[in-house]
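**Q** Residue-level listing of the chains:
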Amino acid sequence: MKIKILLVCLFLFVTVDFLSGQGKNIYIKQQRTDWYSFSKKIENEYKIHFYFDTDSFPNIQIVISEDSILLDQLLKDSFSIYGLSISNDNNGNYFLFKEFALQANLDNFFNQYQKNSIGLKNESDIINYSTNGNDYLKTYQEYISENVIVGKNGSSHKNEKVVISGHVLNQDDGEPISQAYLKILEKNKFETTNISGYYEILIEPGEYTLLVNSLGKFEKNYRLTVLSNGQLNISLKTKPFLIDEAVVSASRNHNIKSTNMGFEKMSAVAIKKIPVVLGEQDIIKVALLLPGVQTVGEASAGFNVRGSPADQNMFYINGLPVYNSSHLFGLFTTFNSDAINEFRMYKSNIPIEYGGFLSSIFDIDSKEGNKENFSARGGIGPVSAKLLVEGPIAKGKGTYIISGRSTYSEWLLNQINNPDIQNSSASFYDGLINLTYSINEKNNIKLFLYGSSDNSDLAFGLRNQYDNLGATLNWTHFFSKSFISELDIIKSQYAYTEENYEIDYLANKHSFELNHNEAKLNFKYFPSHNHSVLLGLNVVYYELNYGDFVPLSSESLIKTLEFEPEKAINSSIYIGDQWDITNRFTLEGGVRYSMYYYLGPKTVYEYLPNKPVEIANITDTIIFSNNESISNYNNFDFKLSGKYELSESFSLKASYNRLHQYIYMLSNSISVTPTNKWKLSDSHLKPMRGEQYTFGIYKNFGKDQIEASAEVYYKTVGNLVEYKDGADFITNQIPETNIIQGDLKAYGVELLLKKKSGQLNGWINYTYSRALVQVNNLVTGETNNLGLEYPANYDRPHALNLALNYKITKRLSFSANVVYSTGRPITYPTSIYYQNDIQITEFSMRNEYRISDYFRTDLSINIEGNLKKKKLAHGSWSISFYNLTGRRNPYTIQFRNEDGQIQGYEISILGTVIPSISYNLKFGNYND
Amino acid sequence: MIKYLKLLMLLIIFGCKDEIVLNNKNYEPRMVVDGSITNEPGPYIIKLSQTSPINQSKEIPFTECKITLFDNTGASEILTEIEPGTYCTSESGIQGVVGNSYKITISTGDGKEYITDFQEMKEPVEIDSIYAELTSITLAEYPFNLPGYQFYTDSKIASGSENYYLWRMIETYEYTAEHELVGILNSTSTLADYQKLKRCWKTQMVNYVYTGTTANLTIPKIIHQPLHFVGTDTRKLHIRYSLLLQQYSIDSKAYNFWKNIEKQFTTENILFSTQPFNIIGNIKNVDNNNELVFGYFTVASVTQKRVFVDRPGVGFYFESNCSVNYNIDALSRLPWPIYLINASNGMQAAVDERCVNCTSKGGVTTKPDFWVDCELINNEEPQ
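Residue numbers (my numbering), protein chains in the order written: chain A, 1 to 928; chain B, 1 to 383.
A portion of the hints provided could be inaccurate.
Said to hold, decoys possible - Where chain B lies over chain A, by a calculated footprint (3+ residues, C-beta under 8 angstroms): (1) 556-568; (2) 659-671; (3) 818-830; (4) 837-848; (5) 902-913.
Claimed, not checked - To list a few chain B residues with every Cβ distance to chain A over 10 angstroms, as calculated: (6) E19; (7) E133; (8) T218; (9) F229; (10) F318; (11) P337; (12) S360.
None of these hints come from the bench; they were simulated from the model.
The beta-carbon is built from N, C-alpha and C at its ideal position, and this holds for glycine as well.
Whenever a hint applies, use it, and build me the whole structure from the sequences.
**A** In structure tokens:
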């Protein structure tokens, strides 16, 4: 683009059509020139006079790129980027000021800042010139700098600090941008916006350069003249994802400045870049490329963060917990990436408002509807089709977004030449609705509805269905600029039904339902520029219904087994503060006190003291009545983290985090099965307790273009839930007899190098980590693996991930992943013995050996439709090759008895290259 | 959960199975007990062996031990080692009686003592029927349906409500040598000798066990319980096939042991499978509780029933591994003796000895006593 315009300027004589203030056309043949010669020429040829200070006024370059342009527009375009202001008296007299404009004429002269519904705008306080983002300015965007005056002259004393405050909003839809960063260059001062996009900067009156940026947005650059307290609302334009690089981390510099550790933030833009399996974009597949995230194997539900089991992770979408996030037996996640704005993953130092999960929090923000226009987009891939519509409600006071995705995988199954597959069916769908409404400047309401469903009927007699359903209602109230309350009412339900009809007389059905009912009240308080306080309380009421185990048909002889439901109430109160002690040193801490009550009605068994929890050792049966407290746990959770900046681009951080978890998944399989029951802590099963120590070094290079970091962590989990050999949760009515609690120890180093922008961008990370489990109950003598420490199923000491994105042209880009990790541990057969002429294998110590290493390369090619500025719809193609080299990465080793000999096979799940193609279409242009 | 394993077997459409060489890892010999006492007349056999390395699997006899069998009436008997590692009660010794309890003690040559608890011999439950249904199954190895016979059993209603069963099977099948011998060159054997080697019966244990229980059923009755599947990818169904089902009534502990054995076989250790573990039996070292001793001394009552099936009228997927040498001119260069058959092209051709001798496949030429020939013998010779 830049080169083209330059060519136009250099080699063509462009006819410029000037319209003077009186509407008279002024024609001029003009090249690139300087201001002095330009102004003289205009003054000579037209009845126009320019007034400016010839001594101090810079002789800037004037470039005319269009056939016809208003002189006013040209002057504005040319000068505003240098912080110069222009006004005219409509008589051909132009006044040029270096510092500020004549206020009287400004409203008519310049485009006023776009109004938005949230802006707490006081007109008299604000002067804000907006650049309109036309081609000319874009071409020279590195020079763009708007001149802004905040406050009124004379209303403040020099050297007395004043407050600049306002909102940072998305220019495209007026939505607030949280975690946008603002930086006063001269003062090296750094602020971020809160969840409603609000910021405050405390500063002495004077002149400054203000940089504003956020993930996936164009940076803005202001020449700021601060006179007194005042407001400045800023809108940022979204970077079109094709044209620009995948921005992976949070905002520029964020890694250095924030106290976050073990933190990743990724936008929908970045998710779209990652090569996919069968055309489905998937946030977990992206997460697996980040350091410290492991999985047992491909196509398995669940993943492991920093050595923790899968049930120590939780997904929240707009604050709604989702207890089963897998579609199609774990091949995909239940979140349609089209409707996701961004996700944040916390591997350590978990925000104090999220208690209850020890390992990681996936905090997903769905998109909010477009405030300005109706818009729609859709896409089709080999497995699913999706559609999203969005638009304003009540003249822009509110917005809606409705998104849905559904499979048509049946045809795919029918293509496979295998009768069992052809006779099986599997399908899924998911959808969400997100409504926002701004009642007035002080009150916003959001309603979010989410659902996902999976159905399968497998040829060998297994039918199941599982669903997530949930809703959150959020009311945000602004008491003042610095005091915000948020009330959330959350209801989430996960349920499954499984029917097993392979053998008629044993045909059975069982089901499970988890209800999570929560009320949460958060207060966010910014008492001064260097504190941000969060105070909150929440109450979660859990209701777990273990459906009875019942006969499926009249032929079935299965005896009904009744399962008692479980109830618990978990109330927490928490307070946290982020305190910027100096410009360089920040402390963040929080305390959470949780009170957990396990409630009746329930039959509780007592066991012989110091004996294994087994049916044979039951001594007494106690029946608790409804809502009677059976057991109670009160715990303090802590977090403390500190950051010290050695320089602008170099910081050290350390943190400590302690958490308790009262709910866990009943699963003794090596990877997570599609349907699992959850279980609450009770009088026999103590809550799990996790502690993590983290230390990190963060360094940026090349104007923050390259980020490097090293984090070391050490983590322990006490009362880890493990299972006795051969445990069964379907027909066992007393789950504690299957469970044995142990300890987990995990530690590791994560090294990350990331280039965030440019034609070639991406990241590479290396992780060394261990996850070791020990189950040795010295009191009851119960052990796993003879009480010796063993590696967890997902313990993969060495992991290397490379994710690259190469932009060839504006419409064509390549992305590639390279993934390496140590093979997962397995329990290996060590010898053979015979029973009844059958060969039985003796196994080694648990997870004593490993399968061979994992290596995979993926490639995707993204082709955008034409980039015409005005068009009805924009299409894009994405072609992906998963496992390009077709390497047969073993998932496991299978041992089979063949003609009297044990034969071993390495089984790989996605052991061939999987190509896919998908097409996405949206109304409007690519970056709308 | 086992079901999901099968599902993932299907997902292997994208995946693959590669044979690997299993290495011996940390092999340490351990004692294995394999034996039972039933309500059928003795003698009863208990085998003692040692675990063997994984790529050299065989029963390594554990010799020179003293095994003593006790019953709860106070009687006891020392077993005799009739061959290395095989210990046997005497004809006139203890006989299994339903309702009595039995245990064994073992003392080894190096002075270690092992023991089991007393276990009660449960009431036998009669098999109502054993039958086969022609069906087809899908195997990961075959991208098509493999036809074959699926065997099922029904039991009679038991007198007690909680019954635990172990099903073992012995299969016998009739088969012929791949080719009929028409000439023999340079051999001391005659054609007549080979007429006797044309038709064989082979009897073997089915290398699977099946377990079941009525503990969670409204009526203590087993109906249409799937057992063994015999596919048309073997020679077993070529002429006539017989399955003898033995139904053992055992206690719940023995059931758990055998159920875990069954699971180890069916789960095949794939995705979603549970953590593999060593199946611990009922033999304990008296002095060292931590010593791993494998196997089970099973106390059971037994009933049995036999069924016959004939060659099904469906396509066969069995492939003979007999190579036929049609090049008669080359006969002189073949090692002698030379076995001649009538080839499909009308000429004579040479084959290996094993192709005209059915005993080479492990069968015997003597018809078993229980064998009942089918009235309508299928005359079609297998190809």
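**Q** With reference to the structure, classify each hint as holding or not holding.
**A** Evaluation of the provided hints:
1. Using a Cβ-Cβ cut-off of 8 angstroms, 4 residues of the stretch 556-568 of chain A lie near chain B, which meets the minimum of three, so the contact claim holds.
2. Against chain B, the stretch 659-671 of chain A contributes 4 residues with a C-beta closer than 8 angstroms to a partner C-beta. That satisfies the three-residue criterion, and the hint holds.
3. Restraint check on the stretch 818-830 of chain A versus chain B: 4 residues with Cβ-Cβ distances below 8 angstroms, three needed, restraint holds.
4. Proximity of the stretch 837-848 of chain A to chain B, defined as three or more residues with a beta carbon under 8 angstroms from a beta carbon of that chain, is established by the 10 residues found.
5. Against chain B, the stretch 902-913 of chain A contributes 11 residues with a C-beta closer than 8 angstroms to a partner C-beta. That satisfies the three-residue criterion, and the hint holds.
6. With 10 angstroms as the threshold on Cβ separation, the claim that E19(B) sits away from chain A is violated: the shortest Cβ distance comes to roughly 6 angstroms.
7. At the 10 angstroms boundary, the C-beta of E133(B) stays outside the reach of chain A, the nearest C-beta of that chain being 12 angstroms off.
8. Non-interface status of T218(B) relative to chain A is broken: a Cβ of that chain comes within 10 angstroms, the nearest being about 5 angstroms off.
9. Residue placement check: F229(B) keeps its beta carbon more than 10 angstroms from all beta carbons of chain A (closest about 13 angstroms).
10. No beta-carbon of chain A is positioned within 10 angstroms of the beta-carbon of F318(B); the least distance is around 15 angstroms.
11. Every beta carbon of chain A lies more than 10 angstroms from that of P337(B), the smallest distance being close to 28 angstroms; the non-interface claim holds.
12. No Cβ of chain A approaches the Cβ of S360(B) within 10 angstroms, the least distance being about 15 angstroms, so the stated non-interface status holds.
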